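S.K.: Here is how the chains run, residue by residue.
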Amino acid sequence: MLGLSKKDTTFLLIVIFLTLATPILLQPFPEGSPLAQFNAGYPDLMQRFAIYGIFAIGFNILFGLTGYLSFGHAAFLGVGSYSVVWMYKLLSYNVLPGLILAIITSALFALLIGYVSLRRSGIYFSILTLAFAQMSFNLAYSVLTPLTNGETGLQVYTDDPQVLMSAGAPTSPHLFGIVMNESTKIDVNGWQFTFSNGYYFCAIIAIVVFYLSLRIFRSPFGIMLRAIKTNQTRMSYTGLNARPYTLAAFVISGMYAGLAGGLLAAMDPLAGAERMQWTASGEVVLMTILGGAGTLMGPVLGAGFIKYFENIFSKINDTILHSWFSALPDGLEDAVVFMLHPFIGKGWNLTLGLLFMLVVIFLPGGLIEGGTRIWNLVTGKSRKTRSIVKDSEHQPKPPVHVN
Amino acid sequence: MDAIILQILNGLDKGSAYAMIALGLTLIFGTLGVVNFAHGALFMLGAFCAVTLQRLLSLSYTVEDPTQKDFLGNPLKVDTPYIVSWFGDSAGNAILNWSVPLAILFAIPVMLLIGYVMERGLIKHFYKRPHADQILVTFGLAIVIQEIVKYFYGANPIPTPAPDVFRGSVDFGVMIGFAPNEIIYPYWRLVYFFFSAAIIGAVFAFLRFTTFGMVVRAGMADRETVGLLGINIDKRFTIMFGIAAAVAGLAGVMYAPINSPNYHMGMDFLVLSFVVVVVGGMGSLPGAVLAGFLLGVLESFASMNEIKSVLPGIDQIIIYLVAIIILLTRPRGLMGRRGVMEE
Amino acid sequence: MTKFQVNRRTLIKSGAAIGAGLALPTIFTSSARAYLNEPKGDTVVLGFNVPQTGPYADEGLDELRAQELAVQHLNGEGDGGMLNTFSSKVLKGNGILGKKVTFVSGDTQTKSDAARASAKSMIEKDGAIMINGGSSSGVAVAVQGLCQEAGVIFMAGLTHSNDTTGKDKKRNGFRHFFNAYMSGQALAPVLAKAYGSDRRAYHLTADYTWGWTQQESIAKATEAMGWETVNNVLTPLAATDFSSYIAPVLNSGADVLVLNHYGGNMVNSLTNAVQFGLRDKTVNGKQFEIVVPLYSELMAAGAGANVRGVFGSMNWNWQLQDEGSKAFVKSFGEKYGRPPSNSAHTCYVQTLLYADAVERAGTFDPCGVVEALEGFEFDGLGNGPTLYRAEDHQCFKDVLVMKGTENPTNEYDTLEIVEVTPRAQVEYAPDHPMFAGGDLGQCNSGA
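Residue numbers (our numbering), protein chains in the order written: chain A, 1 to 403; chain B, 1 to 343; chain C, 1 to 447.
Calculated from the structure, these hints are not laboratory results. Incorrect hints may appear among the rest.
To be verified - Far from chain B, by Cβ distances over 12 Å, these chain C residues were calculated:
#1 Gly78
#2 Ser87
#3 Pro248
Said to hold, decoys possible - Below, in silico cross-link-like pairs of lysine to any residue (SDA-like), each with a Cα-Cα straight-line distance of 20 Å or less:
#4 Lys229/A to Arg129/B
#5 Lys128/B to Met357/A
#6 Lys167/C to Ala429/C
What you are looking at is a predicted structure, and each value in this text was computed from that prediction instead of being measured. Built from N, CA and C at the ideal position, the CB exists for glycine as well.
My request is simple: use the sequences and hints to build the entire structure.
M.R.: Below is the structure:
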């Protein structure tokens, strides 16, 4: 189906199912139960899962296939966001023109940066991309304020032209009248599920771009990119010039990042300069490595993992801890809360840092390897078959958990 | 002219910090082939060695003074450091006052130990792993170190003053034949520059003139052959990791009076020091030092009003701009070796 | 788009009508919702969104302490703090409108994106009806915009930029903190009195929106006193070492250095300036001076001895001797063993003011609350008689001019109050040029 092998088709169908069912899957605990704190099925976080998933999938096309580690991909994320908000300001709140512009501008930007940076390889390439992104960030924050609104972030004001804005049109981002921040809530015996327009918009785009990346991975072009990673010298001896291929991969992954940035602004009409900072570039690197670079699902898992801890763990405070352990005797309750206190709320960074280390120490292939191990345990596959799976590193692995 | 000399001094001063951090980073790259994202955190730990010693020295016993009131109207609790009560007012206060220079003695063993434990406990297992894994694990470690420091010391900067003797500034211009009051420079920053020059010189001398250093240099050039000669190169590399950590730590200790240390100061320097290392050229120690001072001086020049008025915002991007230009004109940075970290 | 909203109780009731034990999912349409996150049970959720990581983490921690204290007082626990001194007496210590107050907390990371994500999660997931806190203007403007779009009330924490109630003002957002213009108006006369009206000032300004409004405000105010602005140099926000910006100051002919910096920037630039010996110099026959327009207790602590004798301004300080401030400092100090910071005071007061407005409006509906807060005049929450102006949602009250304590007696004694500038002196017209543009818009209840 769709030019995919039977195995890939099944894989894609599983991904589609899991993505569409996310609002239910991420809401495993009933409202009001103490564990409801761990539910992640609210629109903003689900949208972020999908958007950063797109970002990481795109990054993986460059890093996972060619081995070129860009440390400046956040620049494209920022450019995408600014494009969308500018389209809001000039035309109307319809997200479509902005998203198209976001992909175009980020492609041009990536072409420029890629053309220069790809003259070098290895860490020299990384530092060149980092330098470009940091320059963009620093200028966006200060000198370019008329274009970016600096620290405050670019946003829509009532006196903006918005020439295509008709009288009854929605006053927040929408797609031909489908308003992004509206949602349908359904209560089922204590469970509450939120089906948000914005999430499904992102989810459908995410499925489409995931399909595209699947095709790229399986295409001759993808094989060429892997050849670059394996041995660039040998490739040039066979008379092939690697540059056009790497540049194409760079621009494609830049467009993915631009689309992701555009979607961020499509969900929430504000574009801040922090999106271009090196920490944001570093985040997508971490997402990809954490999930498993070079695998199809890994980067998405990594993105979900980091965003989950950022948004869920930072909100657990001592009061919540006390309510969880209130059944314990007083002294013991305080002791448990005292033990857990450094890891939650303001300590969420500590938890994340520890998990980075644990994952990379015990799961050399990233989270996806953890998933594979569990899958093998469940299906009872022997060690022998597992090593075969490991050899065909780029074969899709049945994901245990998506997003 | 005086303005330019002032900015050169500033640049050398900034460059001192960059050079010392970059030197350690390059040592770790060159010897172990490890990308150490936790190196900024080591610099920060050095600065907190100074803070810790200052706290240890001013450990106090508390007496309630009923004649004074605190902010709630209760009797004021007056703290007297043990040091002051043991050594008397003048000697005790002098020791407190000199806590930052004393912290050098404290920091060397501490940082060597931290470096040793880090290498044996964690980094050792990552020699054969891809650079990406090294980045992830050392970045995770950097976050953990930061958060531990934040847990104990808070997020706010902690003032760590230099000894009174070094407070204030010296009329540097007079020494080199300018009119008085034209080139005035803080004592401590001059101390910092000479200190870093001494440390950098010591590291180079150690590598050049000792047998140990010779083996390490040989190992950097060709690890396998040195190993085949029956030399335990791993053990020496572990020691080099400790030394790199100590150099970063010392850079941090002496930096504490320049800017009050806070828990994320390492991250502020991390990206910059990577740029410095790469501009200097992978695997080259002199390159790292040279690039450190070069970028420091250029950064200072870019912040001059005369230049900013022509190119607004140039001081925001100068380092990155210079990095791009150098990397495009010299493929392996200023003094890089072929084949190091180029895949 | 139809909205389904059925709570558990109605579901159980209707479930009984359909037939007990019906295991199939049951979905009902309901248009009962009058406004977003209407509290239906016996509790109401407030969202406290403060920086918990990053450079302002300690500031955020102090805000959170104050907010927890406010929740206790609203629920009738503790000694009641400022509830006893507040001029409005509708709060009885039985929660808000009889509902017990609970709260959720989140981390802004002092980044617009993260702050909005955190606030959204409070609104979408936890059903928060009011968001409070924050420690930078960029974040305040971003979250204020979000709350306007979503339809909840935003009580901006520490935000000092003119824009928050200027070109970025929103109907659903209120600011209790003072602003850059007020800092300038309060500081200038004190500076002129202390240092004379014939001074030449050199400005170092953090290169982002807050820095620019701060610089503009203080330059205008001091120029009106006869000062001359020699130069204004913009410094990168990411700068940590300010030596190359400070070195040229001495030979520029200026005799005052104004540091339009905040947080880590300010701690470092002030430390560097003192290192360069600026304060020991005499220029134009006058003692060289340094001014820091916006102070906070944490910055003063971070800069240590360098703040001694340096003038600045503040929103509130724990050393104020009015009944309200004394009551707050007492209950905060007894609970946490330290005096509250001025951002803690802001967040505490805002939580009470929100609760009070709900009680007076008789509803949690944001539009009702906005109406109750607009033009509200009160007293007893520190800073004397206070007005929440209807035209721009800026709070007007006395402003404090501070000076670094010369001989501190304890670790909290870093700043002393020089003057309490009366409210009349810092007032301005809503259409003042520094606040021009922007539009409050209509109140949004998210219905």
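S.K.: Just to be careful, I want the Cα atoms of Lys229/A and Arg129/B compared with a cutoff of 20 Å; is the pair within it?
M.R.: holds, 16 Å
S.K.: The output says Pro248/C does not contact chain B. Does that hold with a beta carbon cutoff of 12 Å?
M.R.: Violated: least Cβ distance 6 Å, not greater than 12 Å.
S.K.: Given the hint that Lys167/C pairs with Ala429/C, test it: the Cα-Cα distance must not exceed 20 Å.
M.R.: holds, 14 Å
S.K.: Is it correct that the beta-carbon of Gly78/C has no partner in chain B closer than or equal to 12 Å?
M.R.: Non-interface label stands for Gly78/C: nearest chain B Cβ at 15 Å, farther than 12 Å.
S.K.: Once the closest CB in chain B is found, is it more than 12 Å from Ser87/C?
M.R.: About 25 Å separates Ser87/C from the closest Cβ of chain B, which puts it past 12 Å; holds.
S.K.: When you check the alpha-carbon spacing of Lys128/B and Met357/A, does it fall within 20 Å?
M.R.: Satisfied, since the Cα-Cα distance of roughly 16 Å is no more than 20 Å.
The structure does not agree with numbered hint 3 stated previously, though it agrees with all others.
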